[in-house]
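Engineer: In case you want the letters, here they are:
2 protein chains.
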Amino acid sequence: MSENRTEISSVGEFGLIEHLTANIELKNASSLVGVGDDAAVIDHFGRQTVVTTDLLIEDVHFDLMYTPLQHLGYKSVVVNLSDVYAMNATPTQITLSIGISNRFSVEALDEFYEGVYAACDAYGVDLIGGDTASSKKGFIISVTAIGEVAPDRFVKRSTAQKGDLLCCSGDLGAAYLGLIFLEREKKIFLENPQVKADLEGEKYVIGRLLKPEARKDIVEFFQQSGILPTSMMDISDGLSSEILHICRQSGLGVVLYEDKIPIAEETRNAAFKFEMDPTACALSGGEDYELLFTIAQQDYDKLVLNEQISVIGYMTEPEKGTKIITKGGNSFDITAQGWNAFASK
Amino acid sequence: MSENRTEISSVGEFGLIEHLTANIELKNASSLVGVGDDAAVIDHFGRQTVVTTDLLIEDVHFDLMYTPLQHLGYKSVVVNLSDVYAMNATPTQITLSIGISNRFSVEALDEFYEGVYAACDAYGVDLIGGDTASSKKGFIISVTAIGEVAPDRFVKRSTAQKGDLLCCSGDLGAAYLGLIFLEREKKIFLENPQVKADLEGEKYVIGRLLKPEARKDIVEFFQQSGILPTSMMDISDGLSSEILHICRQSGLGVVLYEDKIPIAEETRNAAFKFEMDPTACALSGGEDYELLFTIAQQDYDKLVLNEQISVIGYMTEPEKGTKIITKGGNSFDITAQGWNAFASK
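In the order they appear, the protein sequences are chains A and B. Oh and the first sequence: position 193 is 193 in the UniProt record's numbering, straight run, nothing missing. Oh and the second sequence: position 41 is 41 in the UniProt record's numbering, straight run, nothing missing.
Note that these hints are calculated values from the structure, not bench results. A hint or two may mislead.
Since copy identity is lost for identical chains, a pair holds within one copy or between any two.
[As the list claims (entries may be wrong)] Computed cross-link-like contacts, DSBU-like style, restricted to lysine-lysine with a CA-CA straight-line distance of at most 35 Å:
id, residue 1, residue 2
1, 196, 260
2, 302, 216
3, 320, 136
4, 187, 137
5, 203, 137
6, 323, 187
7, 323, 196
8, 136, 273
9, 211, 137
10, 327, 162
11, 260, 137
12, 320, 260
13, 162, 187
14, 327, 216
15, 323, 260
16, 137, 196
17, 162, 137
Just chain A, with the same shape it has in the complex (with noise of 0.2 Å):
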């Protein structure tokens, strides 16, 4: 943090507004009302809509202790923009709302807001409106993400097909090892505040906890390959959770295979050094915002190629379960806890 301390309450909340918001410009055509009106306006042209938040909380969501507020600022945006992909849209508008006890300074704010705004370059939407709130105690963040996808194009998580492919974007596991690995480090510090972290060895864990991305690449490169997955979300709360959800919601069976899901070198390497199971971060970890969908099989030639997707198994009639294939060949069911499935079994 900075040297300099403004003080919040010597801007006012309009001046803080103002001073936050002073530096907005407005990228998408459509966004004709943002920030500093009672609510924003959006233009469409026959296209549909998209429109999810979230809250976030110290403490719960996040640890100030080793979060930068610049990284939450970037995620608290990122998180929302994938869930908007997720439904195979194009995030265009954000709105903001925070609630801030007086602990924080304007430098502060500022440095989350670098984070906020840095993301929203990245991906190109605007932020549009917001509401900024005193809290008695801790860090509040709401966003609200609002997204654009051409009519019927936009993908649910209740819609897979039987004998359809499951497969995933990227690699995953490593944001929980991250959280394993910071919540570590907080512990060793709180206990002897001269011993000093290193954290070089855990650089990509921790990154893909502290600064994750949404999977834009993978939303355009379904529009150029002309794929129109059958069922989609993104996870955020584990694979096997989030398998469970699309199953539900589609009525279907799932066979997972083990050997299939993508696991990054240096998050085997984390879970190694932690006696953990690289699966089962994978399974249960969450965090890892990579999309998770299923397509046709005659679609499967159209991205085999993709480095960037894993086909990790094939969708089931109900009566076959929810199965995962071990390394070993044994079979076991899929539980919102795959940890615990292996633990017990």
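Given chain A, put chain B in place with the hints provided.
Structural biologist: For chain B alone, kept in the frame of chain A given last:
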């Protein structure tokens, strides 16, 4: 609160969401996808979309000691819809996120949502999404409202013209006196829990605080009467603060007549009981959720017969300043704390 108590932990997050949203019936044909997916989808047909959001935090924006949860749910929606109407738009959808500690039971949340759904019904809007998070302490509410408006019919704060008439709906100052009254009763109760509050005489002002309504009727009247206000906003922070917003954003001055400010008989009586100036309550009180707007002089005939609308002043060139003419004929500067303006001169 009901005698039954179901712990939130016993139903789980998804169970809770299903429980709370099981009875939603989508009313607008444009609500293609509601609760239960990553994001909601809204269809548009060449109309413009309005989005607004508010964050409400326990013990900052509301006190559960004297705010029934049902009223709180109703008000959380209404204050956002008020912002949509203030754009001359019609609200169509809301998203609602809440942060709750384990101090709340499912039954308590049911009461809150009862109020939310009552407001949705009363104003014809659909709840289409949201997020439920746990909070360490206190109740946190974030509502985003979305509305529609025909192209180029939305009304900003910054477009008032010199000579326009300044108008407001309903009556002002009551909600603030309701707050003063409930805060006094709370203090008495905390000092002596045996004393039973006598709220009968203050029903009107308490009702205005706890269960405000948004001025749907006024926006409908504009449409029926062929009136397009030249600027508009809702009165949430007190009349003087809002007038100064319109003046500043439109680059104009104003003359406001104290004797034209609409104040209900019940509000006057409550003010005198507390030895307060009713005008000061209207100027600085806040939470009235009436509409403040300007119209061209030639539209005067169109609204003169509407008893829910008062003409309270007119817009001037900026050099004339922002003035209030008192009942005694004196002229004072309007300040954001109208209260202090009277006290200090």
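Engineer: Determine for every hint whether it applies to the structure shown.
Structural biologist: Okay, the hints, checked on the actual structure:
Neither within a single protomer nor between protomers do residue 196 and residue 260 lie at most 35 Å apart by alpha-carbon distance, with minima of 38 Å and 68 Å respectively. Taking CA atoms no more than 35 Å apart as the test, residue 302 paired with residue 216 passes inside one copy only; the shortest distance there is 18 Å, against 51 Å between copies. Within a single copy, residue 320 and residue 136 get their C-alpha atoms no closer than 51 Å, and across copies no closer than 41 Å, so neither meets the 35 Å cut-off. Within a single copy, residue 187 and residue 137 get their C-alpha atoms as close as 23 Å, and across copies as close as 23 Å, so both meet the 35 Å cut-off.
In the homo-oligomer, the alpha carbons of residue 203 and residue 137 lie at most 35 Å apart both inside one protomer (31 Å) and across protomers (33 Å), since each shortest distance falls under that limit. When the C-alpha separation of residue 323 and residue 187 is checked against a cutoff of 35 Å, the pair qualifies neither within a copy, at 37 Å, nor between copies, at 60 Å. In this assembly of identical chains, residue 323 and residue 196 lie within 35 Å of each other by CA distance neither inside one copy nor across copies; the values are 44 Å within and 61 Å between. For the identical chains of this complex, residue 136 and residue 273 are inter-copy neighbours only, at 32 Å across copies versus 40 Å inside a copy, given an alpha-carbon limit of 35 Å.
Taking the shortest Cα distances, residue 211 and residue 137 sit within 35 Å of each other both inside one copy (25 Å) and across copies (27 Å). Taking the closest pair of Cα atoms, residue 327 and residue 162 come within 35 Å of each other only inside a single copy of the chain (24 Å); across copies the shortest separation is 77 Å, beyond that limit. Taking CA atoms no more than 35 Å apart as the test, residue 260 paired with residue 137 passes in neither setting, with 44 Å inside one copy and 42 Å between copies. Only within a single protomer do residue 320 and residue 260 lie at most 35 Å apart by alpha-carbon distance; the minimum there is 20 Å, versus 74 Å between protomers.
With identical chains, the CA atoms of residue 162 and residue 187 are never at most 35 Å apart, being 47 Å at best within one copy and 64 Å at best between copies. Only within a single protomer do residue 327 and residue 216 lie at most 35 Å apart by alpha-carbon distance; the minimum there is 31 Å, versus 62 Å between protomers. Taking the shortest alpha-carbon separations for residue 323 and residue 260, only the intra-copy value of 14 Å comes in at or below 35 Å, while the best inter-copy value is 73 Å. Taking CA atoms no more than 35 Å apart as the test, residue 137 paired with residue 196 passes in both settings, with 29 Å inside one copy and 32 Å between copies.
In this homomeric assembly, residue 162 and residue 137 never come within 35 Å of each other (Cα to Cα): the closest approach is 49 Å inside a single copy and 45 Å across copies.
The structure shown violates the earlier hints numbered 1, 3, 6, 7, 11, 13, 17.
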